[in-house]
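Colleague: Protein chains in written order, with UniProt numbering: chain A, 1 to 354; chain B, 1 to 400; chain C, 1 to 86.
To be clear, the hints were calculated from the coordinates, so they are not data collected in a lab.
The beta-carbon is built from N, C-alpha and C at its ideal position, and this holds for glycine as well.
Pulled a few chain A residues facing chain C out of the computed Cβ check, cut under 8 Å:
1) ARG52
2) ARG53
3) THR108
4) PRO109
Okay, here's what each chain looks like letter by letter:
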Amino acid sequence: MKKVYINSIASISAQKTFDQAEFLTDLIDHEAIVIPVVNPNYKAFIPPAAARRMAKGIKMSIVASKMAVQEAGLEQVDAIITGTGMGCLRDSEKFLSNLIDNDEQYLTPTSFIQSTHNTVGGQVALELKCKGYNFTYVHSSNSFESALLDAKLQLASGEEDDILVGGIDEIGDHTFKLQELVGHVKREAVKTSELLKSKTSGAVFGEGANFFVLSNKKQASSYAELIAVKMFNTLPKISVPETATAFLANNGFSAEDIDLVVLGYNGDVDYDSCYDVLSHELFNDTQQAYYKHLSGEFNTASSFGFWLASKVLKLQSLPEVVKLNDIKSSGFKTVLLYNQYRGENHSFTLLKTC
Amino acid sequence: MSKGVAITGMGIISAIGNNVAENYQSLIEGRKGISRVSKIKTNHVNDIMVGEIAFTNEELIAQIGLNPDNSFTRTALLGCLAAKEAVNNAGIDNITAYNTGLISSTSVGGMDMTEQYYYESFENEAVQKYIESHHAGDSTQKIAQQLGIDKSLVTTISTACSSAANAIMLGARLIKSGELDRVVVGGADCLSKFTINGFKTLMILSDTYNTPFDENRKGLNLGEAAAYLVLESDAIVQKENKAVLAYVKGYGNANDAFHQTASSENGDGATLAMQKALKVAGYTPENIDYINAHGTATGNNDLSEGRAIIRVFEDRVPDFSSTKAYTGHTLAAAGAIEAVYSILALQNDVIYPNLNFKTQMKEFDIRPQLEVKKKTLNAVMSNSFGFGGNCSTVIFSKES
Amino acid sequence: MDALKQELKEFIIEQLNLEDINVEDIGNDDALFGDGLGLDSIDALELIVMLDKNYGIKLTDPKQGRAIFESINTMADYITAHRTTN
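Using the sequences plus the hints, can you model the full thing?
Modeller: Set out below in structure tokens:
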């Protein structure tokens, strides 16, 4: 079994993360119930002829994937594996509302084509001219982790050597309104810096594209080693600590070995207690971080957490803005990530310096 | 990575039958399930034909035994029925006895309810329960719950029309790597106005019965279906002394990287997928006895796939046929229903006819199998290709 | 006829999102597909819907589009000869 490394990272998020040289230094303190990404200069990455039909999710993904491939020093990858909870939502909504509003008349194909979930994976393959393995996972908050697991299996076995892995979701107006209707979105705007103080139901929604090159070859650009990723469709809150302990033990670690726990807190009082049982109990004496106040909540928000953890391990520094408690680790060697959404689709991801 | 991947159960519901036995009967009797659409109100009713499942949602709900206040979409209902048949067929009475996962696939997800209540949701609280049923992972979560799979690896793949083949591929990988001992794999897609209109804009829907690999083919018929396989490790098979239906012997996935919807003229992606699958199986082309082709009956697919088959098999193309003329193109479920058909072919040593074929294509001289043919089969190849350049091939074999 | 050609150019630019192209950039005889304006098969489907919606012309086979959409001139000729709405 070969080891698996994160050789490059790239993030398009609601913060200015596309500048690879910075690490959350120039913070945008949003005050909203939904926070869109800070758009990079798409034209610098995508020729206009290619960009003209691209949904926002595709554009974000093309930019992030090109940045990741470039940072890894590669011309080509062997495979492309993406995760997306909702796919290119705006085009799905556009096609569906045109269909209903025009009573099935005068519909055009472009938005239908973009509406299929694998459109991002397919377009990235087209842009990179990559004929390799191409998969798209669409399983709510475990979409990105499914992609990670698939990549890890193939890299560890040596089937492939360099795999581009990404998590993408975009905000869609209609879907957002429906989410508001069922109370999954916060009723009142909350400041980024005060998300966890809100003590209200629902989350602040967001979007983003985070791409990584995973490889079974370590190189100068490597950020971290991906030790393990494990998913659970269901997990009662009470079982979260013992499951975390068992996950660590299976990989030869204990809670004391963890230098940083990155938790998927999104400020929803109804579900944040899943994180509390780790934060207040098992990892009470461990340094902790959170990130969804920066990225917003979306099905693949955990890919932003993965970006954060990778960067912490390489730079050996933790930005103030993500610190959850006052404990200070002497250094960051081993990082555990835990995420879930509304009590379902839980994941544990373990990273280590390399 | 030398472990075998045994198939110990299968379940299916499609336009040609509500279970495995009914599907097999229709296949060998040449009985297609294509008709005018009856359960979806669409202006295109006279312009298209579909492979529709006879049961209404209410009938499916009653069969599964759900409460009336359930929030199951038709995709989830079809998926549950087929997955339960697969688990029963595998003789599993305690699903938690082994580390068991579920890999499902869908392209439509909960679109049937979303399109019905797109605006009504804002006024009628009673239909708001379907809002959270829209996303692609929802039907998978519900199937897992119905099967009693909890605290486990459950995920969903959506790679358009190649989805379920990819679910089988991932399942095989998870068994081989020891990540899971047992995994239910497959896919489900119901018909929806969204897909009917979407394919209509691409002008690839036939207004009559679809005719795979025919010179005068006019396009595809959409269909709805669900099918699942139970894959188990060698260790379980030995320990439980289980009957094995067939093995997942090889698999390959590649991207055409040519066009957003169309396949390349020479089928680069399809060629690569078939070659990779042969390599994983440790086979040469001569080992394949039958190809269950993707054969959607669109101008583009059948030409591209046919050329790819010739590239891989050269002048020794095995018997091949498309079963899309029976079922319609069931999108994400296609790879799973055709996996069931491939396994049935192996079990019964039979090749199904490619229905509705009249005229030889002029671009090449390979011709699909036109009659039911009895023949000893040891390995069957199943192709599934989709939008976004996704090309997948799975090889099933009698022996591990 | 010139008004129709102008209308077609404006429509093509808007509907097909040709951001960096102006009406003046499209010559009446320029090839719209391939090496010319670079349109592709998906654009052809968009144009077929446009013929239906704006001019009441229904094409049932996408292959028919190839000759019609060769250039602005061929499109304008076809529309003038076959339009059912004004």
